[in-house]
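Visitor: As a plain string of letters, each chain reads:
Protein chains: 2
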Amino acid sequence: MRSRILNLLRQRSGEYLSGEEIARQLDVSRTAVWKHMRELKLEGYAIDAHSRRGYRLQQAPDLLLPDEIRAAVKTKRIGRKIHYFTEIDSTNNAAKKLAAAGAEEGTIIVSEAQNSGRGRLARGWYSPEQQGIWLSIVLRPHFSPADAPKCTLLAAVAITRAIRSLCNIDCGIKWPNDILYDGKKLVGILTEMSAEMDAINYIVIGMGINVNIQEQDFPEELKAIATSLAMIKGQAVSRLELLCDILMQLENLYAVAVSSGFSEILNEWRKYSITLGQAVNVIGIHQQFSGTAVDIDEDGALLVEATDGRHRVIAGDVSIRPKTTNTKENGID
Amino acid sequence: MRSRILNLLRQRSGEYLSGEEIARQLDVSRTAVWKHMRELKLEGYAIDAHSRRGYRLQQAPDLLLPDEIRAAVKTKRIGRKIHYFTEIDSTNNAAKKLAAAGAEEGTIIVSEAQNSGRGRLARGWYSPEQQGIWLSIVLRPHFSPADAPKCTLLAAVAITRAIRSLCNIDCGIKWPNDILYDGKKLVGILTEMSAEMDAINYIVIGMGINVNIQEQDFPEELKAIATSLAMIKGQAVSRLELLCDILMQLENLYAVAVSSGFSEILNEWRKYSITLGQAVNVIGIHQQFSGTAVDIDEDGALLVEATDGRHRVIAGDVSIRPKTTNTKENGID
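Those protein sequence lines, which keep their order, are chains X and F. For the first sequence, position 330 matches number 330 in my numbering, and the numbering has no gaps at all. To convert a position in the second sequence, counted from 1, into my numbering, add 333.
Same shape as in the complex, but just chain X (with noise of 0.2 Å):
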């Protein structure tokens, strides 16, 4: 019903809309509609009532709300189902145990705040009230397991594509998925997946993006190395319209490689990576040593040229070398 009354409003995009209106076209009374009008404005709408004139939508609260999210999004699956939170331990912690619950593929979790926001093998993340993009999909690709990497690659071409048109903000990708801009952080994405041997059960992909948090907000240790979208243009930014733009192009993306596989989007990928041609450090499980990352493989992964011979990296940290010893450019990771 409140989303019926929402989008009421909506139609009549900033006019006032009489509360006998609302009642006749929803078949409700005109008390539930005075009620439903005093929710909404608990939640943190603006909505400007005049006695005579009735109700008239200023604006919405600045939330994901899952209203606000339907109302805008224009995917066909991924983003429909919606699990919103104000605050959450972990977005990618509730996908995992939905998923496993049986939660269909698109469905989508968001929150306003975590607590214990996750990135790759148990680091932390930080993930402030209203500030930023926490949000996590699930996803049931008949994809062999051994594709699932290529995922993560894919999540990291959407994201950048959403960036770059809305923002105009010109970021790029680490290997293997961190976005990054001027050498800092913006984006983290965490793929996780439940699997048998030869099947996926579910992917889910977490991501973290550091909207408008500003330079002062992030903790100390962070503040040499993560940056924020609003940091970087100097002016807010839409949470709600990056986020429909990030599912959408995520849709586009995951329809291509099902369709026709990851070709294409490695390719874009490697356009936008901010890896290849440099030197790097890597450092794996049972290996560390330092060379030029040529490429990406079919399978996602790094090739880097070392002294002793190429070198297939699917796992660990690799960071780049910094060019200079006096640039800002210094200890990115």
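Dumping the calculated BS3-like pairs for lysine-lysine here, alpha-carbon to alpha-carbon at most 30 Å:
(1) 407(F) with 604(F)
(2) 97(X) with 414(F)
(3) 97(X) with 430(F)
(4) 430(F) with 81(X)
(5) 97(X) with 74(X)
(6) 74(X) with 233(X)
What follows is a list of derived Cβ distance ranges for each label pair:
(7) 597(F) with 303(X): 24 to 34 Å
(8) 620(F) with 303(X): 23 to 33 Å
(9) 433(F) with 123(X): 17 to 27 Å
(10) 290(X) with 591(F): 23 to 33 Å
(11) 310(X) with 632(F): 12 to 22 Å
(12) 596(F) with 264(X): 30 to 40 Å
(13) 220(X) with 596(F): 41 to 51 Å
(14) 418(F) with 1(X): 37 to 47 Å
Everything labelled a hint here was simulated from the structure, so no lab data went into it. Source: prediction; values computed, not measured. Glycine is no exception: its CB is placed at the ideal position from the N, C-alpha and C atoms.
Fit chain F to the supplied structure of chain X, relying on the hints for placement.
Guide: Using the frame of chain X, we list chain F on its own:
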């Protein structure tokens, strides 16, 4: 306390031990000893109680009780933590929940019966009470997810070793991990994992072993394609001994894999294979073809030589084509 009482009785190996002596050794009252004896009897232990001479353990129940497993198993890690059920939906489901909640490596889940036992690709697995080994094992290897399928082959080798040595049954492995005798299924293995793109959270190796099921007990649709150790040998097989031997073999092979990789294990798998060298039909997700299974590669994928070249099979169903049209080997799947 119960385990300690059982241990004292076992140490006497069939001789009487007085209630007074037990109470003294364990520092409890004689009434407490009496109560524990009553509980043990209720659980199926045949304990002879003599008013003057005391208690004597005649026979343990034919159950895979944690106390029995702990008393018999020789492993250091695998099978030291045991979760036991008389009936459960699926030991793999329980194992995944326990692993997600932090269960340590080597934890096992054993149930006398499963009411929703699962095989590969969501197929069912018939798991009647006390007639088989329905077991799942939690591992946390520092492998890459790409190495995980080889854990399935490892489990197949461990079980084959145990059945061959303990039961003297000449069973073989159908790729990837069914164990067959005379074309009929003895054992199914279902390995599942939770992983990030470059790190395994946990692997669950589930196995269903048809130990003492009799031909008339199998559902009609399984009679032609399934068999049991007892049917082959013509006598019952100790589930406890076999379980403990499998855990030991697994622990040994897993140690080899962790320390020096999978190549020895893949070689042993080749030795037990009934697929290699055979004409096979392959039904994959995207393809369907026939050819000759020539080998497995270093990742455990099946290499099939077909008229249009060599295929690398990592998923799907591979059935061995009957050699003639009129033998018992028809219809192996």
